[in-house]
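Protein chains in written order, with this note's numbering: chain A, 26 to 338; chain B, 250 to 697.
Derived from the structure by calculation, the hints contain no laboratory data.
Beta carbons are placed, not taken as given, at the ideal position from N, Cα and C, and that holds for glycine.
One thing to keep in mind: the hints can contain errors.
[Claimed, not checked] Residues from chain B that face chain A, not an exhaustive set, calculated with beta carbons under 8 Å:
| hint | residue |
| --- | --- |
| 1 | I368 |
| 2 | L461 |
| 3 | K536 |
| 4 | S553 |
[Stated by the list, open to error] With a straight-line cut-off of 27 Å between C-alpha atoms, the simulated DSS-like cross-links for lysine-lysine are:
| hint | chain 1 | residue 1 | chain 2 | residue 2 |
| --- | --- | --- | --- | --- |
| 5 | A | K91 | B | K693 |
| 6 | B | K489 | A | K325 |
| 7 | A | K275 | B | K508 |
| 8 | B | K397 | B | K448 |
| 9 | A | K32 | B | K336 |
| 10 | B | K548 | A | K281 |
| 11 | A | K332 | A | K279 |
| 12 | B | K693 | A | K281 |
| 13 | B | K584 | A | K275 |
| 14 | B | K487 | A | K331 |
| 15 | A | K91 | B | K548 |
| 16 | A | K279 | B | K577 |
| 17 | A | K38 | B | K335 |
| 18 | B | K450 | B | K300 |
| 19 | A | K52 | B | K487 |
| 20 | A | K92 | B | K487 |
| 21 | B | K451 | A | K32 |
| 22 | A | K129 | B | K608 |
| 23 | A | K32 | B | K397 |
| 24 | B | K487 | A | K325 |
| 25 | B | K504 | B | K584 |
| 26 | A | K325 | B | K323 |
| 27 | B | K323 | B | K548 |
| 28 | A | K129 | A | K52 |
| 29 | A | K331 | A | K275 |
| 30 | A | K281 | B | K574 |
| 31 | A | K113 | B | K508 |
| 32 | B | K608 | B | K631 |
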Amino acid sequence: MAFTIPKENYNGKVYEVELGVGDRAIKIGGESTLPFLSFEGEMPNRPSIAIEIQDLPPNDWPDTVKKVYEKVSSNPVAWAKFCQDELKADAVALRLISTHPDQKDTKPEDAAKLVSEVLNVISIPVIILGSEHIEKDIAVLKTVAETAKGKNCIIGKAQEENHKTIAAVAMANEHKLIAMSQLDVNLAKQLNILLTQMGFVKERILTDPMSSALGYGLEYTYSVMERIRLAALQQNDGAMQPPLVCDIGKNVWKTKETIAAEAELPEWGSLEERGIIWEAMTAAGMIMAGANLLVMRHPKAIELTKKLIEELR
Amino acid sequence: MALSGVEIFKHLPKTNCKKCGFPTCLAFAMKLAAKGVSIDACPDISEEAKKLLGEASAPPIRLITIGAGDKAVKVGEEVVLFRHDKKFFNPCGFAVAIKDTESSDEIKKKIEAVKTSEIDRVGQKLRVEMIAVTDAANDPAKFASVVKNVVDSAPGVPLILHSMNPSVIEAGLALCADKRPLIYAATNENAEAMAKLAKDKKCPLAIYANGLDALTSLSEKVKGLGVEDIVLDSGARKAKDMLEHFTMIRRSAVKKSFKPFGYPVIAFANRDDSMMEALIAGIGVMKYASIIVLSSIEKWKMLSLLTLRQNIYTDPQVPMQVEQKIYKVGEATDKSPVIVTTNFSLTYFIVRGEIENSKVPCWLAILDVEGLSVLTAWAAGKFSPAKIAAFVKESGIEKTVSHKEVIIPGYVAVLSGSLEEKLGEGWKVVVGPREANALPAFLKSRGA
Chain A
26 MAFTIPKENY NGKVYEVELG VGDRAIKIGG ESTLPFLSFE GEMPNRPSIA
76 IEIQDLPPND WPDTVKKVYE KVSSNPVAWA KFCQDELKAD AVALRLISTH
126 PDQKDTKPED AAKLVSEVLN VISIPVIILG SEHIEKDIAV LKTVAETAKG
176 KNCIIGKAQE ENHKTIAAVA MANEHKLIAM SQLDVNLAKQ LNILLTQMGF
226 VKERILTDPM SSALGYGLEY TYSVMERIRL AALQQNDGAM QPPLVCDIGK
276 NVWKTKETIA AEAELPEWGS LEERGIIWEA MTAAGMIMAG ANLLVMRHPK
326 AIELTKKLIE ELR
Chain B
250 MALSGVEIFK HLPKTNCKKC GFPTCLAFAM KLAAKGVSID ACPDISEEAK
300 KLLGEASAPP IRLITIGAGD KAVKVGEEVV LFRHDKKFFN PCGFAVAIKD
350 TESSDEIKKK IEAVKTSEID RVGQKLRVEM IAVTDAANDP AKFASVVKNV
400 VDSAPGVPLI LHSMNPSVIE AGLALCADKR PLIYAATNEN AEAMAKLAKD
450 KKCPLAIYAN GLDALTSLSE KVKGLGVEDI VLDSGARKAK DMLEHFTMIR
500 RSAVKKSFKP FGYPVIAFAN RDDSMMEALI AGIGVMKYAS IIVLSSIEKW
550 KMLSLLTLRQ NIYTDPQVPM QVEQKIYKVG EATDKSPVIV TTNFSLTYFI
600 VRGEIENSKV PCWLAILDVE GLSVLTAWAA GKFSPAKIAA FVKESGIEKT
650 VSHKEVIIPG YVAVLSGSLE EKLGEGWKVV VGPREANALP AFLKSRGA
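Only chain A is shown next, with the shape it has when bound in the complex (with noise of 0.2 Å):
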């Protein structure tokens, strides 16, 4: 019996998606495979990595990932420049968790004002996220956009509740928008309905499918993007085709393995290794069911993300 090399016809590929301007502006998205399978299709675009900053102090963050940002942390502006020219980021996704009615209840006016002395002294790509709360995310994120318009960021996140008023600002400011979902293919696909029937460009979605950490429901989100990969590359089905962000950052760095202390449970060993690794892992297991774009916090786990994506290509 000889061996042939067993090929799957595909008819649909994701799309890809332009972010940022000028010489720093980066692609993601085009694939035409299942990740990496390149005897069978291409992927001209390898996934990119966001680095997580946010406006208020990460107070709440674990000390392995707090620890790294100590200098810089205390100023968004400072932290973004930081990412760019010392971490060498593809991208920042700049958090804009202080409008968050619990945490500062920031002004949208104010969040703006941030969001432009951000991009006055970056030129990477940036990702503008809300504090996800459905109310105050329209009026923060509608002021935002108008202020970062021109500079091609992604806005998110629009969710089913609220996608309207997001994608209307989104579209009018030409910025990306991330659609985010319950976990759910159908919902997923529903959301980019929704959005495409408003008249929002189709290409210029990226979906959320809702990430999760390992150990705390990563299969759930691993099986959901396989199933949104396959329907895209399977059925060329346009709803399932915009690539796929994974917002894990802030899913690994609250799981117990990332804070407890090696004196607590020493069958889990060294923290420092353990939170590294728990958000390295996680973002391997998004990157092989299709990610194209993860945001992230640790330098040394996206350091390792990176290595094992050039591994693969």
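Please build the complex by placing chain B on the supplied structure of chain A, with the hints as guidance.
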């Protein structure tokens, strides 16, 4: 080749005797086609038909057992490419490599690490299953002495004997053949000698060839030499080759019934950087490796890999569950709030995580609803006032806390009146937030 139920039916006795437990032979045939029952359940089938159907109904990837006794590792028998299509059946086994040139101190440490590798996660006991004794000295006596050391100090732990030299393998086998170690590996050069050892000692045999064409011919050659239990190594060591080779092997076996690849795959994830090694092994876990050999097994590393394996091999149709009981979160006291929710593991983890984030110690009362989420359990009548009340009463929480108040998820606010009634005199039911992420604000506001 897979046969349809009707094709299988033609070979059955057609007596409808019911001895197989099915009402008719046709019903039995349908179940056979779906691989839901063994052909052995039919007592009257002819040997000829049994052989024919046995081959047809055999899983596309052979089940291989490494080791003996209750610590034996079973791998293979996978039937899908994607876990959502059915599930991945037999979790890959992890082995740590011990070179026979390592110092006795290093060897002792590694053996100890294997023996203490067990962790408990969502009620499952997970551990590093195997030790791969690796020939680096090309000295049968030296190899044998390390094998003896491992057999003596780690009784029951399945072994992989790793050498390309048949006389080294033979020396090792002399000490542990009855324990069914995996022999690694037969190559094109040593195939006859290795196959003879495997056959004589009734041990599984891994085969190593460079690339998938060479692996195909070697697989056929070794099978032709009479070895049934085979494990495949295509020489893939880089992440890309592992992913592509393993995908092609799994696809060939499952979708094309390509017999030379109808066996489990072994992967080696050796890297100088242990974190990188963990990620490479992770690729193996997700993409079809059945045995993964590591060069080191630090606890943080194994925690991540064992957790990943548990995640990937979880049955997508059966929700992961946690045990019904009252969990203490933080330094809870008799004044701390009591929060009730369901035993779906995700619900539990998320709720617990948010309570921990809030820094408000609580008692978390987890009700067994067969692993459903709150709304689903409520709709199915499993998260009902009667059941919650009975659980709260029987749990003994009344003796632990000095108040009579329980917090229920916001999605089942409708239950609160009826639950208060069922709990009886003096009890108060508080409606909590709908989503767990609102718990910290909720708990903090109550404390203030």
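Which of the numbered hints above does this structure break?
Checked against the structure, the hints that fail are numbers 7, 13, 20, 21, 23, 25, 26, 28, 31, 32, while the rest are satisfied.
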